[in-house]
Amino acid sequence: EAGVAQSPRYKIIEKRQSVAFWCNPISGHATLYWYQQILGQGPKLLIQFQNNGVVDDSQLPKDRFSAERLKGVDSTLKIQPAKLEDSAVYLCASSFNRVNTIYFGEGSWLTVV
Amino acid sequence: SQQGEEDPQALSIQEGENATMNCSYKTSINNLQWYRQNSGRGLVHLILIRSNEREKHSGRLRVTLDTSKKSSSLLITASRAADTASYFCATDAVRGSRLTFGEGTQLTVNP
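Same order as they appear, the protein sequences are chains A and B. Add 6 to the 1-based position in the first sequence for our numbering, that's all there is to it. Number 90 in our numbering belongs to position 105 of the second sequence; there are no gaps in the numbering.
These are calculated hints, taken from the structure and not from any lab test. Since this is a predicted model, take the numbers as computed values, not measurements. Treat the hints with care, since some could be wrong.
[As the list claims (entries may be wrong)] Heads up, simulated DSSO-like pairs for lysine-lysine below, C-alpha to C-alpha not over 27 Å straight-line: (1) A:K50 <-> B:K54; (2) A:K17 <-> A:K89; (3) B:K54 <-> B:K11; (4) B:K11 <-> B:K55; (5) A:K50 <-> B:K55; (6) A:K50 <-> A:K89; (7) B:K11 <-> A:K50; (8) A:K84 <-> A:K50; (9) A:K68 <-> A:K17.
Hey, can you work out the whole structure from these sequences and the hints?
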């Protein structure tokens, strides 16, 4: 069974530029998550989708972050404009439904300089 | 506010020894999960324990949950160098709600 796919794996941008991350969840998984993990800390949920609807985006900085999950499968997370403090690993994860085990991708490493 | 907090922040042991990590949380939970993260990789689910359970085993892993003390422990027996990783506890307050992770314990197992 293929895992959660993310791209790009690494990205370096200058502050105020924009960046987009892509995620393809495990086939059949209705719930998709985007987490932000700053070095040395635990992951923090940014947004949670159930199919193509948003379940929880309370910790998403909506002035600069946006995410969508069209057709309830793939998802993109965009940051515009980026700040230095956005340097982190962005982890996509999926689960069969909201109460099942969460499977994580390898993450997209963002460095903002 | 951070729900789960792991203790210790870092742990270094010799291969073959047991490793114990603790997690404390603040509010009532539905269940508690433990995840492992190897350096530069994503998180891998290890074990889930429900709020009405007190102990659970999976291979060399043993998890306990004490809801009266709002704490959990993860024991890895007969550790191996490959167990070197960060270990996180995660809790959800209500079934299906946001999963909140702690800051993690960095475990180093020396060969």
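Do the hints match the structure? See the list:
With a CA separation close to 24 Å, the supplied pair A:K50 and B:K54 stays within the 27 Å bound. Distance hint between A:K17 and A:K89 is fulfilled; the C-alpha atoms sit about 14 Å from each other, no more than 27 Å. With a CA separation close to 9 Å, the supplied pair B:K54 and B:K11 stays within the 27 Å bound. Note on B:K11 and B:K55: the hinted pairing holds, with a Cα-Cα distance of about 7 Å set against a maximum of 27 Å.
A hinted pair counts as satisfied when its Cα atoms are at most 27 Å apart, and A:K50 with B:K55 qualifies at roughly 21 Å. Distance hint between A:K50 and A:K89 is fulfilled; the C-alpha atoms sit about 17 Å from each other, no more than 27 Å. Pair hint B:K11 plus A:K50 holds up; C-alpha atoms about 17 Å apart against a cutoff of 27 Å. Taken as a hint, the A:K84 and A:K50 pair is honoured in the structure, with Cα atoms around 16 Å apart against an allowance of 27 Å.
A threshold of 27 Å between alpha carbons decides the hint, and for A:K68 with A:K17 the separation of about 21 Å falls inside it, so the pair holds.
Violation of the numbered hints given earlier is absent; every hint is satisfied by the structure.
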